[in-house]
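Modelling step: build the complete structure from the supplied sequences, incorporating the hints.
2 protein chains.
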Amino acid sequence: MQGNLLTQEYIQAIETELQEVVSKAGGADLDVFKHMLAYHMGWEGEGSGRKATGKRIRPLLLLLTCSAAGGNWENALPAAAAVELIHNFSLLHDDIEDNSPLRRGRPTVWSKWGIPQALNTGDGMFTLAHLAMLKIKDTTDSQTVITAEFILHNTCLRLTQGQYLDIAFESRNEISLDSYWAMIEGKTAALFSACTQIGALIAKTSESTRENYRRYGHFLGLSFQIIDDILGIWGDAVLTGKPAESDMVSGKKTLPILYGISQKGTFASRWTKGRITPEEVPFLARQLEAEGALHFSENEASRLTQNAKEALEQAHPSGIAEETLISLTNYLFDRKR
Amino acid sequence: MQGNLLTQEYIQAIETELQEVVSKAGGADLDVFKHMLAYHMGWEGEGSGRKATGKRIRPLLLLLTCSAAGGNWENALPAAAAVELIHNFSLLHDDIEDNSPLRRGRPTVWSKWGIPQALNTGDGMFTLAHLAMLKIKDTTDSQTVITAEFILHNTCLRLTQGQYLDIAFESRNEISLDSYWAMIEGKTAALFSACTQIGALIAKTSESTRENYRRYGHFLGLSFQIIDDILGIWGDAVLTGKPAESDMVSGKKTLPILYGISQKGTFASRWTKGRITPEEVPFLARQLEAEGALHFSENEASRLTQNAKEALEQAHPSGIAEETLISLTNYLFDRKR
Chain S
185 MQGNLLTQEY IQAIETELQE VVSKAGGADL DVFKHMLAYH MGWEGEGSGR
235 KATGKRIRPL LLLLTCSAAG GNWENALPAA AAVELIHNFS LLHDDIEDNS
285 PLRRGRPTVW SKWGIPQALN TGDGMFTLAH LAMLKIKDTT DSQTVITAEF
335 ILHNTCLRLT QGQYLDIAFE SRNEISLDSY WAMIEGKTAA LFSACTQIGA
385 LIAKTSESTR ENYRRYGHFL GLSFQIIDDI LGIWGDAVLT GKPAESDMVS
435 GKKTLPILYG ISQKGTFASR WTKGRITPEE VPFLARQLEA EGALHFSENE
485 ASRLTQNAKE ALEQAHPSGI AEETLISLTN YLFDRKR
Chain E
185 MQGNLLTQEY IQAIETELQE VVSKAGGADL DVFKHMLAYH MGWEGEGSGR
235 KATGKRIRPL LLLLTCSAAG GNWENALPAA AAVELIHNFS LLHDDIEDNS
285 PLRRGRPTVW SKWGIPQALN TGDGMFTLAH LAMLKIKDTT DSQTVITAEF
335 ILHNTCLRLT QGQYLDIAFE SRNEISLDSY WAMIEGKTAA LFSACTQIGA
385 LIAKTSESTR ENYRRYGHFL GLSFQIIDDI LGIWGDAVLT GKPAESDMVS
435 GKKTLPILYG ISQKGTFASR WTKGRITPEE VPFLARQLEA EGALHFSENE
485 ASRLTQNAKE ALEQAHPSGI AEETLISLTN YLFDRKR
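Residue numbers (our numbering), protein chains in the order written: chain S, 185 to 521; chain E, 185 to 521.
Please note that a few of the clues may not be correct.
[Said to hold, decoys possible] Distance condition first, Cα-Cα at most 27 Å in a straight line; then the derived DSS-like pairs of lysine-lysine: (1) Lys218/E <-> Lys208/E; (2) Lys296/E <-> Lys437/S; (3) Lys235/S <-> Lys296/S; (4) Lys436/S <-> Lys218/E; (5) Lys218/S <-> Lys208/E; (6) Lys296/E <-> Lys218/S; (7) Lys296/E <-> Lys436/S; (8) Lys319/S <-> Lys319/E; (9) Lys235/S <-> Lys426/S; (10) Lys319/S <-> Lys388/E; (11) Lys426/E <-> Lys319/E; (12) Lys239/S <-> Lys426/S; (13) Lys239/E <-> Lys319/E; (14) Lys437/S <-> Lys218/E; (15) Lys520/S <-> Lys239/S; (16) Lys437/E <-> Lys296/S; (17) Lys239/E <-> Lys426/E; (18) Lys296/S <-> Lys436/E; (19) Lys388/S <-> Lys319/E; (20) Lys437/E <-> Lys426/E.
Don't read these hints as lab results, they were simulated from the structure.
Have a look at this one:
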């Protein structure tokens with residue numbers, strides 16, 4: 185309950201900080217540019233509001249880590265805004281790359297304003313993220329600012345490398361598990377571990393403690409992605425609601441699908457015959473489960489969540505933020521969407 | 185002659201620095217990702233070599249400014265690589281936004297590898313630019329690093345704002361000259377002035393001298409863009425070689441075209457009737473010249489080049505680098521392509 189109140193306070197502060205950063209993009213003749221940014225963030229236009237903003241998990245993770253590591257979370261707010269803007273920049277570009285018409289139930293920026301403007305808006309969001317991060321210089325020393333920027337830039341490089349692999353894998357038949365781990369490490373875990381590292385950095389922990397927080401974020405991110413993979417096939421939303429949005433239909437190389445392919449059973453023989461239709465989704469999801477892919481994936485997510493918790497424990501967090509981090513870790517593992 | 189030798193030495197050092205930065209993008213399974221970056225930079229693939237790399241004007245401007253301001257140009261090499269990578273990131277994304285099949289006579293990255301990979305490669309290039317910039321920390325103090333990063337991030341924001349205007353103007357009929365100046369300030373002049381500012385910053389000049397160098401880069405960038413606008417209509421390459429690549433055909437709102445529209449003469453009445461065909465280019469280029477658009481644009485470029493030279497003089501540059509900066513300024517004004 186206390187942890188929940190903490191979360192509410194943080195989320196509100198994050199939203200205020202994000203809006204201040206994004207307002208910098210405005211100016212003469214630039215109303216639509218700023219509107220596209222605000223639309224994507226969930227603040228403006230059709231369907232705006234709480235459901236459209238997303239859960240702000242990454243900035244929350246950063247602030248909670250900073251608090252749990254003994255820092256002043258308010259000093260970390262610009263960094264929290266930065267990681268959320270990086271996440272949203274990558275979504276804006278992903279939507280173009282994946283040709284996705286919808287994001288959180290609303291038309292994507294590219295489908296409303298066209299690819300050229302959406303692409304450029306993503307570049308603007310990327311830039312705002314870095315401008316946000318630099319603001320930590322007002323409350324911390326120069327060396328910390330440079331280290332935080334270095335972590336963030338390296339994370340972005342890993343994001344683009346992971347994204348490269350994700351796109352390249354679409355047209356490859358054989359993907360090893362090693363390649364899968366490299367892909368999700370870049371695509372998802374890198375930004376989670378940046379959150380926990382930068383939170384600890386701003387709290388001025390020892391390097392070994394920061395390394396434990398980094399490992400916590402790393403394992404949490406890997407587990408988060410596998411849960412996403414599971415929900416992409418067996419989640420209520422796709423299985424009973426929108427089978428056309430199933431990862432089986434889009435042809436994504438997620439963990440359950442790679443496991444299913446490796447079993448060389450009924451699922452694998454259907455998979456190799458070409459794109460799966462929405463009508464086949466319920467049967468093939470049951471088949472994939474019967475062949476052990478759900479059990480295998482859940483085990484992997486559980487193992488990685490356990491690794492995350494152990495790394496967190498080794499970082500010796502404290503206070504209400506510690507409890508909230510543990511609740512957040514459990515929530516991300518148990519979530520249904 | 186001495187200045188020319190200086191340029192050669194700088195260009196070679198820039199190329200080495202760029203290659204080192206880009207090599208960081210490689211790794212297991214990432215050969216094609218790195219190849220796309222190297223292809224766009226002009227180092228690999230069909231048609232690679234001197235003609236494919238571009239002129240590296242921006243990093244040269246940065247190094248020459250650093251030298252002329254009394255700094256050690258070698259300390260500025262990572263910053264020089266950064267501005268060239270920012271320029272190339274924007275070209276990679278521009279090519280997608282403008283639907284351009286060719287860049288410097290070679291197929292663009294998107295036309296060879298598809299939009300998703302090209303978009304993501306541009307994001308990778310953007311990130312490498314920032315990683316390059318951070319390397320100046322090895323030879324300068326933390327405060328200078330943070331200021332350089334701040335200048336670069338602000339420049340990128342203005343780049344995306346200028347690009348937004350450029351795309352938005354395509355579908356607008358009435359564009360004021362004020363809007364035109366705001367657009368090219370963001371699209372072109374911002375990066376030029378970042379080059380001269382950061383060069384002066386690394387040379388540790390006074391703030392007022394750095395401001396004079398900033399103004400030099402600003403006016404040089406505006407003039408550079410107007411020369412580009414002139415060549416886009418009356419340059420040999422488009423007028424006699426590839427009329428289909430004329431800015432009149434693509435419908436870009438460049439300075440001569442805006443001037444022609446404002447004259448409400450023969451050119452304007454043809455322009456408002458719809459897209460111009462390559463066959464009409466020679467006649468309409470002569471018509472636009474007869475209506476005064478070439479004279480007006482050349483006067484503006486000349487005035488801005490003069491402003492640039494005055495700002496440079498006020499910065500009190502010195503040494504061979506000073507002469508080379510003046511030669512570069514004249515060359516950019518007199519160039520034919």
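Comparing the hints with the structure gives:
Restraint check: the Cα-Cα separation between Lys218/E and Lys208/E comes to about 9 Å, which is no more than 27 Å; the hinted pair holds. Under the criterion of a C-alpha separation no larger than 27 Å, the hint pairing Lys296/E with Lys437/S is consistent with the structure, at around 23 Å. At most 27 Å may separate the alpha-carbon atoms for a hinted pair to count; Lys235/S and Lys296/S meet this at roughly 19 Å. Between Lys436/S and Lys218/E, the direct Cα distance comes to roughly 23 Å. Compliance with the 27 Å bound is thereby established for this hinted pair.
Distance hint between Lys218/S and Lys208/E is unfulfilled; the C-alpha atoms sit about 34 Å from each other, more than 27 Å. Distance check on the hinted pair: Lys296/E and Lys218/S sit about 32 Å apart at the alpha-carbon level, beyond 27 Å; violated. For the given pair, Lys296/E sits about 23 Å from Lys436/S by alpha-carbon distance, which is consistent with the 27 Å threshold. For the hint linking Lys319/S to Lys319/E, the alpha-carbon distance of about 20 Å falls within 27 Å, and the restraint holds.
Straight-line distance between C-alpha atoms of Lys235/S and Lys426/S comes to about 18 Å, which keeps the hinted pair within the 27 Å bound. For the given pair, Lys319/S sits about 23 Å from Lys388/E by alpha-carbon distance, which is consistent with the 27 Å threshold. For a cut-off of 27 Å, the pair hint linking Lys426/E to Lys319/E is broken: about 42 Å separates their Cα positions. Distance restraint check for Lys239/S and Lys426/S: the Cα-Cα separation of roughly 21 Å lies within the 27 Å cut-off, and the hinted pair is therefore satisfied.
Pair hint Lys239/E plus Lys319/E holds up; C-alpha atoms about 23 Å apart against a cutoff of 27 Å. Distance hint between Lys437/S and Lys218/E is fulfilled; the C-alpha atoms sit about 22 Å from each other, no more than 27 Å. Straight-line distance between C-alpha atoms of Lys520/S and Lys239/S comes to about 13 Å, which keeps the hinted pair within the 27 Å bound. Pair hint Lys437/E plus Lys296/S holds up; C-alpha atoms about 23 Å apart against a cutoff of 27 Å.
At roughly 21 Å between alpha-carbon atoms, Lys239/E and Lys426/E fall within 27 Å of each other, so this suggested pair holds. The straight-line distance between the Cα atoms of Lys296/S and Lys436/E is roughly 22 Å, inside the 27 Å bound, and the hint therefore holds. Between Lys388/S and Lys319/E, the direct Cα distance comes to roughly 23 Å. Compliance with the 27 Å bound is thereby established for this hinted pair. For a cut-off of 27 Å, the pair hint linking Lys437/E to Lys426/E stands: about 19 Å separates their Cα positions.
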